[in-house]
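All chains should be modelled from the sequences, with the hints used to inform the complete structure.
There are 4 protein chains.
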Amino acid sequence: MDPATTARLLITCADRPGIVAAVSNFFYNHGANITALDQHSSDPEGGRFFMRLEFQTPHIDLPHAVLERAFQDMVAGRYAMEWHISYAAQLPRMAVLVSRHEHALLELLWRWSRGKLPAAFSMVISNHPDLRERVESFAIPFHHVAVTPDTKAEAEAEILGLLDGAADVVVLARYMQILSPDFVAAYPNRIINIHHSFLPAFAGADPYKRACERGVKLIGATAHYVTSELDEGPIIEQDVERVSHRFNADELRELGRDIERNVLARAVRWHLENRVIVDGNKTVVFA
Amino acid sequence: MDPATTARLLITCADRPGIVAAVSNFFYNHGANITALDQHSSDPEGGRFFMRLEFQTPHIDLPHAVLERAFQDMVAGRYAMEWHISYAAQLPRMAVLVSRHEHALLELLWRWSRGKLPAAFSMVISNHPDLRERVESFAIPFHHVAVTPDTKAEAEAEILGLLDGAADVVVLARYMQILSPDFVAAYPNRIINIHHSFLPAFAGADPYKRACERGVKLIGATAHYVTSELDEGPIIEQDVERVSHRFNADELRELGRDIERNVLARAVRWHLENRVIVDGNKTVVFA
Amino acid sequence: MDPATTARLLITCADRPGIVAAVSNFFYNHGANITALDQHSSDPEGGRFFMRLEFQTPHIDLPHAVLERAFQDMVAGRYAMEWHISYAAQLPRMAVLVSRHEHALLELLWRWSRGKLPAAFSMVISNHPDLRERVESFAIPFHHVAVTPDTKAEAEAEILGLLDGAADVVVLARYMQILSPDFVAAYPNRIINIHHSFLPAFAGADPYKRACERGVKLIGATAHYVTSELDEGPIIEQDVERVSHRFNADELRELGRDIERNVLARAVRWHLENRVIVDGNKTVVFA
Amino acid sequence: MDPATTARLLITCADRPGIVAAVSNFFYNHGANITALDQHSSDPEGGRFFMRLEFQTPHIDLPHAVLERAFQDMVAGRYAMEWHISYAAQLPRMAVLVSRHEHALLELLWRWSRGKLPAAFSMVISNHPDLRERVESFAIPFHHVAVTPDTKAEAEAEILGLLDGAADVVVLARYMQILSPDFVAAYPNRIINIHHSFLPAFAGADPYKRACERGVKLIGATAHYVTSELDEGPIIEQDVERVSHRFNADELRELGRDIERNVLARAVRWHLENRVIVDGNKTVVFA
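Chains as they are written, first to last, in the working numbering: chain E, 574 to 860; chain H, 574 to 860; chain P, 574 to 860; chain G, 574 to 860.
Bear in mind the hints are in silico, worked out from the structure with no lab data behind them. Treat the hints with care, as some may be off.
All copies of an identical chain are treated as equivalent in the list; a pair is satisfied when it fits inside any one copy or across any two copies.
[Stated by the list, open to error] Within a straight-line C-alpha distance of at most 25 Å, the following computed DMTMM-like cross-link-like pairs (lysine to aspartate or glutamate) qualify:
| no. | residue 1 | residue 2 |
| --- | --- | --- |
| 1 | K725 | D634 |
| 2 | K689 | D755 |
| 3 | K782 | D723 |
| 4 | K689 | D741 |
| 5 | K689 | D575 |
| 6 | K725 | E802 |
| 7 | K855 | E824 |
| 8 | K689 | E846 |
| 9 | K782 | D831 |
| 10 | K725 | D755 |
| 11 | K855 | E814 |
| 12 | K689 | E786 |
| 13 | K782 | D852 |
| 14 | K782 | D823 |
| 15 | K855 | D823 |
| 16 | K855 | E786 |
| 17 | K725 | D588 |
| 18 | K689 | D823 |
| 19 | K855 | E802 |
Here it is, written out as structure tokens:
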């Protein structure tokens with residue numbers, strides 16, 4: 574697929590007969606070549622309908638803005654759809670917040686540098702200065718914004734200022750600060766966090782220590798959108814690895830990092846490729 | 574989904590723009606309620622197109638036969654589609670061939686008896702009499718057809734006679750006889766075998782012994798359609814489990830049976846639910 | 574390994590230098606052929622030590638009782654060991670409690686009938702009569718003990734009476750009644766439960782419904798020893814399967830059953846083979 | 574465990590009664606604190622015996638060389654053992670050979686820089702100059718040794734010269750040249766390769782393309798010791814990931830890289846921690 578000509582439509586609406594026909598007809602009639610179509614209905618009777626359409630734009634007969642207006646008038650309005658078209662040529666801007674642990678950040682940097690994360694990597698912000706050199710070696714701006722209990726509000730304001738106009742998605746790659754509800758509200762369903770446990774088990778702090786004490790036989794990690802309720806946002810991806818009594822808390826933590834970086838990288842890629850639709854407190858992932 | 578009113582359309586054709594629109598339009602206009610749609614293109618430029626459409630029939634405006642003729646005339650002919658509609662109310666007839674190992678057969682019997690394999694279970698045929706009682710306790714006919722090198726042709730003829738008109742799909746649940754090309758040709762892409770290895774590794778006989786000798790760290794099983802080339806047919810499903818130096822060949826075999834029965838049960842269910850399309854020597858599985 | 578001559582020693586004690594040497598010396602000097610040895614120390618400094626020794630008895634120079642007394646006098650006493658020797662020729666007696674869901678019970682029956690669960694299967698007890706025929710077809714006694722809120726104490730007394738002298742281990746194969754602390758105390762670390770979730774996530778009732786609402790991407794099951802604290806006992810084994818937004822609660826439940834039966838069967842086998850040592854609220858599993 | 578005082582003994586010999594007792598006795602009597610002991614017998618009757626003993630040295634009553642001579646005289650000679658003691662304080666020297674693909678190398682560099690690969694990373698040698706900067710940013714020497722069909726012998730000689738006295742283990746992190754038997758013979762069971770398939774399936778070149786053509790549902794990678802028979806050496810570790818018809822050969826390759834780097838990193842770590850013993854064409858891995 575040529576990214577220069579790929580576009581993706583995401584739709585959410587009440588499920589009703591005829592939606593697929595109406596949408597695919599519209600795009601076909603305007604010269605779009607549909608290269609992928611996924612749909613999901615939470616319930617054929619009275620459920621919600623979700624759709625992802627990937628299409629190629631070269632032979633479309635209208636400018637983008639006109640096409641979008643026509644889609645709203647002729648299809649989306651009729652079905653009361655929430656919808657959005659993304660053009661892969663316009664890379665989404667991605668900012669990453671991180672504290673001291675570099676593993677999740679490095680995985681993102683490495684995949685991005687190999688062309689596997691379709692984003693404009695606009696900056697890394699950290700409450701510690703440690704990772705500056707590493708980040709700048711990828712030619713990505715690094716900002717150190719210290720956070721103390723007393724300066725938290727100012728720090729968040731500073732971060733919001735840095736992000737303003739420069740981030741379509743904010744990734745928390747083990748950022749060990751809790752964001753205020755106002756911060757979260759500024760990026761609804763656009764802040765992705767990696768939680769170092771298999772949520773909802775061990776929500777909160779120190780999950781590996783608690784997993785070790787509880788004697789679990791699998792440990793995991795969870796990538797989710799951040800909402801104002803801590804660790805309760807819609808889950809995008811999870812994974813686990815098998816462990817045994819031989820693992821102490823440090824060894825769980827070390828293995829956990831491998832899970833975290835892979836789970837986060839997958840979730841970020843799916844988000845960037847417009848594969849995730851939020852449905853209340855759940856996600857539909859057209860992976 | 575009410576099975577009484579569920580129908581499924583499978584399509585294969587050359588990929589061309591407009592197919593999804595044409596198909597979904599046709600069914601929408603005739604009152605079908607589309608409840609699932611999956612599609613795949615092997616290559617947007619000059620590739621093959623595959624589609625599975627699940628729809629509800631209550632409000633369709635035409636009798637089935639008329640609808641199918643109309644679909645051929647108005648859509649399928651235009652795109653040179655291979656296609657078939659299955660109605661879930663007409664359960665596909667399933668026959669199982671087995672030798673002495675009961676694990677794969679039992680899994681099928683157990684899932685079928687719980688309503689998880691949508692088939693009419695027409696019979697079990699075995700070249701050994703051992704499993705008669707077990708099979709008949711599920712009220713399923715059991716036929717013993719002995720096979721020796723000298724009587725192989727007669728035995729196959731007898732089996733084909735038993736199957737005639739009574740089997741839409743034939744499952745080899747560890748049937749330790751090689752079927753002749755003529756037998757295979759009678760059920761193209763409708764004979765499902767479970768091979769007790771992770772194909773193409775260890776094709777042929779005695780895979781667990783050879784896996785043990787090779788010192789592999791994972792063992793697996795493969796469900797595939799049977800073709801005239803032994804162990805080379807289209808793969809439907811595979812799975813593996815981790816092993817170590819502690820497993821001898823018998824223990825690999827024992828663990829392998831758990832993999833085999835699950836892999837076969839998944840493949841059979843997908844086939845029965847019309848989720849598998851054969852594409853040359855590969856499968857498209859809309860699971 | 575010939576079960577008729579296999580014995581297994583489990584040891585727990587404070588970790589101190591010389592334990593392995595003392596134990597292996599003792600058994601070597603008395604003619605035992607050690608065929609497996611596993612050990613674990615929770616911490617080389619001040620931790621707990623766990624050991625499993627499998628040995629063959631034919632050339633042992635003393636009767637079992639004398640050997641055991643000598644081991645206590647010469648080794649175990651010196652290190653203040655908790656220890657126990659099991660002789661595989663004396664099969665542990667296993668009773669299963671079940672309600673209506675048959676999947677976990679059937680898996681145990683099937684594996685046991687194939688010789689893969691080294692136990693004397695003494696009985697199945699259920700608070701529903703439904704599974705009588707299925708159980709008795711395996712020539713295993715079935716007891717129906719109805720339980721109502723009013724008769725719970727009597728029912729437990731009746732069950733304890735049935736188990737008395739007939740059960741070394743009690744398996745709850747989806748038994749939907751909460752056992753009283755007195756019942757649990759009668760079989761310390763000898764009641765194995767299968768919980769239909771990945772504990773500690775979704776402890777309590779209806780885990781699949783709650784997993785569906787929470788939108789998790791993996792579901793699991795947990796086999797654990799029952800303690801007086803509900804769902805908090807030592808975990809023996811866990812496993813998970815990947816799910817997606819396409820699974821409703823019923824489909825999660827159905828997939829979950831496959832996980833439950835495999836996880837429970839593994840945990841029971843490990844227990845029967847003396848591979849599990851309880852360490853506070855955790856387990857050491859020498860699998 | 575304090576690396577400064579940790580030692581590890583690996584033993585291979587014919588299985589006979591009394592080995593564990595003799596070995597553990599010897600080390601206990603000389604003041605070694607045993608912190609881990611793993612053993613395996615390929616067959617209690619006439620099989621091979623394998624053992625790994627990890628112990629702490631502070632209270633040992635003899636200098637290392639004297640202890641080793643005493644062990645040979647008093648224990649190892651009696652049982653005709655092949656054995657070796659490694660002292661964790663003396664880091665094994667590791668050299669990596671790589672071509673153009675950086676993913677496997679980077680994973681090793683990253684884990685090594687975080688202290689998770691206990692080796693002295695002596696050099697990276699490549700037949701391409703591309704990765705120099707990346708390697709040198711970790712302060713590790715980089716050598717470019719071009720290889721053409723005509724200069725292969727000279728190139729190998731040059732590489733052997735670079736390695737001489739500087740490598741206890743050689744890791745092929747996607748080195749796309751076949752090593753000559755003489756080269757391999759210089760480092761018996763000390764060259765670790767990552768093969769980009771699940772061996773023995775798709776041995777040889779271009780495995781992802783062939784896996785795609787065969788329509789497999791899982792792809793994998795294999796870390797193994799290099800022998801003079803291409804792709805036939807003892808397997809150390811393998812892993813797989815699930816794929817579907819949606820993956821083209823490029824996407825399989827991309828996913829495969831994630832498997833490769835993790836499988837290789839695990840195998841290298843186990844080798845460095847003296848957890849791998851070669852048994853003919855198999856390995857015993859005390860992970």
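Right, here's what the structure says about each hint:
no.	hint	in the structure
1	K725 x D634	neither (51 Å within a copy, 58 Å between copies)
2	K689 x D755	neither (32 Å within a copy, 40 Å between copies)
3	K782 x D723	neither (28 Å within a copy, 42 Å between copies)
4	K689 x D741	within (18 Å within a copy, 35 Å between copies)
5	K689 x D575	within (14 Å within a copy, 40 Å between copies)
6	K725 x E802	within (18 Å within a copy, 41 Å between copies)
7	K855 x E824	between (31 Å within a copy, 17 Å between copies)
8	K689 x E846	within (11 Å within a copy, 33 Å between copies)
9	K782 x D831	within (17 Å within a copy, 28 Å between copies)
10	K725 x D755	within (12 Å within a copy, 53 Å between copies)
11	K855 x E814	both (23 Å within a copy, 18 Å between copies)
12	K689 x E786	between (38 Å within a copy, 24 Å between copies)
13	K782 x D852	between (32 Å within a copy, 17 Å between copies)
14	K782 x D823	within (8 Å within a copy, 34 Å between copies)
15	K855 x D823	between (32 Å within a copy, 17 Å between copies)
16	K855 x E786	between (30 Å within a copy, 8 Å between copies)
17	K725 x D588	neither (44 Å within a copy, 47 Å between copies)
18	K689 x D823	between (31 Å within a copy, 12 Å between copies)
19	K855 x E802	within (14 Å within a copy, 31 Å between copies)
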